[in-house]
Amino acid sequence: MTREDIIQAIYHILKNKIELPTISSFHEEARLNEDLYMDSVMILELILFIELDLGIKMPDEALSPNDFKTVGHLAAFLERQHVQGVVVETHD
Amino acid sequence: MIKVHCFVSCVCEVIKKTSGVDHRPYYFGVWDADFDVLEDGTLTYHSDRIDHEFFQTWYELLYGIKLQKWYDESKSKQENIEKMLRLLEAKDQHQYVMVMLDLSLLPERENKFHSKPFPHYVMLEKTENEDEWFMYDPDFRWEGILPKDRILNAIAEPAVEGGYVFQAETIQPPSAETIQAYFHTCLKLDINPITEAISDIVKVYTIGKQKENLSQLSSALKQLPVLAIRKYAYEHAFAYFWELLELEEEGFESWCDEIELLVKGYTTIQYRAMKLALTKDLSLVNDINSKLAEQNEREFKIKKGLLQCFEQWSKEQTNKTKKVTLK
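Protein chains in written order, with our numbering: chain G, 1 to 92; chain C, 1001 to 1327.
Keep in mind that the hints were calculated from the coordinates and are not lab data. Bear in mind the structure is a predicted one, so any value in this text is a computation, not a measurement. Be careful, since some hints might not be right.
Claimed, not checked - List time: in silico DSSO-like cross-link candidates among lysine-lysine, alpha-carbon distance up to 30 Å:
#  : chain 1 : residue 1 : chain 2 : residue 2
1  : C       : K1116     : G       : K17
2  : C       : K1303     : C       : K1315
3  : C       : K1203     : G       : K57
4  : C       : K1303     : C       : K1017
5  : G       : K69       : C       : K1264
6  : C       : K1211     : C       : K1222
7  : C       : K1264     : G       : K57
8  : G       : K15       : C       : K1126
9  : C       : K1301     : C       : K1280
10 : G       : K57       : C       : K1222
11 : G       : K17       : C       : K1203
12 : C       : K1264     : G       : K17
13 : C       : K1222     : C       : K1315
My request is simple: use the sequences and hints to build the entire structure.
Right, here's the structure in full:
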């Protein structure tokens, strides 16, 4: 899964599952709180859909909505999680 | 300072500006401050059953400032607005006029919780321009000029009602005895009410009255972040005693880490509850319960640690009194 795929998946969840009213402001540099007007609960909701739909496991310590300032930050984090997940699977 | 409690932040603003008077003891009342659980099991930081009498009483006892409620719920919104206009008109430099408004109607303001409505206390002042008011929002560390009609619009919202006025020129530092009495009133050593309430709500939505509505558990716990940040009040208390006892910075930092873990722990619980609501996978209840147990353990540890600091501080106060008496 590439970074572009992840960003596309985030867009899809925000548009279709969370039905974010500010979706027209979506871009990689968009700040989740200030630009997309997402509160901490909405960010958790997004992470939850990512975990359930994409199968990317989110560890407890990553559940800090403040750490995901922009769409790009979140995508970068998910990319790392995804790679880690693949590595673990390969070594099992 | 992180947003903790808007009412407390408003009344503390003047204390912070007064040298020789410390606002931190007032935060003792915040870590377990009142909240409500509605009939349907929804956790809420604001409801008709919550008043600020506790903070009102202790503000006067600690700092000698009488907080008067000017808002009268038995009167119409318009009558209350007129009362507020009269207060603003007559106010002098030592008087502070607090009002509750719906912050969601002032969207240019930071709105981390994205609540709608968002009941929130701010303080107001007139400016030289009669179409604009100066708004202080110490809880979000924001102050600035906004059009008067937009502020009035946010006050007129039916979901919000409340207001206080106080005269701050008589402010006095709290006595050690009053701080001790307040601390004992605030530190609940045998219960952590928020953790307890979450545990009850999860039961209600899994095996209780609302079990058919499990998908609503997410919205029942939606306001948890607002209550979780109240736990930062422990940081103020540790900082206060730490400074007066002249203890090593390192120890303080490790308590701050514990408090941070406590606040973040509620995020984990909320996440797991949201997952439970969405997937209906009841095996998640065990994960939630184990995290709740961990939260309880952590918070009791924090309370115990704080009690030790308090006792050490109290001992020093007694020694000081003895020295004065011996002289």
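Now for the hints, and whether the structure bears them out:
Straight-line distance between C-alpha atoms of K1116/C and K17/G comes to about 20 Å, which keeps the hinted pair within the 30 Å bound. Restraint check for K1303/C and K1315/C: satisfied, since their Cα atoms lie roughly 18 Å apart, inside the 30 Å limit. Distance hint between K1203/C and K57/G is fulfilled; the C-alpha atoms sit about 26 Å from each other, no more than 30 Å. Taking the CA atoms of K1303/C and K1017/C, the gap is near 29 Å; set against the 30 Å cutoff, the hint holds.
Restraint check: the Cα-Cα separation between K69/G and K1264/C comes to about 17 Å, which is no more than 30 Å; the hinted pair holds. Annotation: proposed proximity of K1211/C to K1222/C holds, straight-line Cα distance about 18 Å (limit 30 Å). A C-alpha spacing of about 18 Å is found between K1264/C and K57/G, which places the hinted pair at or below 30 Å, so the restraint holds. Among the hinted pairs, K15/G with K1126/C is inconsistent with the structure: their alpha-carbon atoms are about 43 Å apart, more than 30 Å.
Annotation: proposed proximity of K1301/C to K1280/C is violated, straight-line Cα distance about 33 Å (limit 30 Å). Proposed proximity of K57/G and K1222/C is supported: the alpha carbons are some 23 Å apart, at most 30 Å. Under the criterion of a C-alpha separation no larger than 30 Å, the hint pairing K17/G with K1203/C is consistent with the structure, at around 27 Å. Our distance criterion of 30 Å between C-alpha atoms is met by K1264/C and K17/G, whose separation comes to about 25 Å.
A distance of roughly 43 Å separates the Cα atoms of K1222/C and K1315/C; the hinted pair therefore is violated under the 30 Å criterion.
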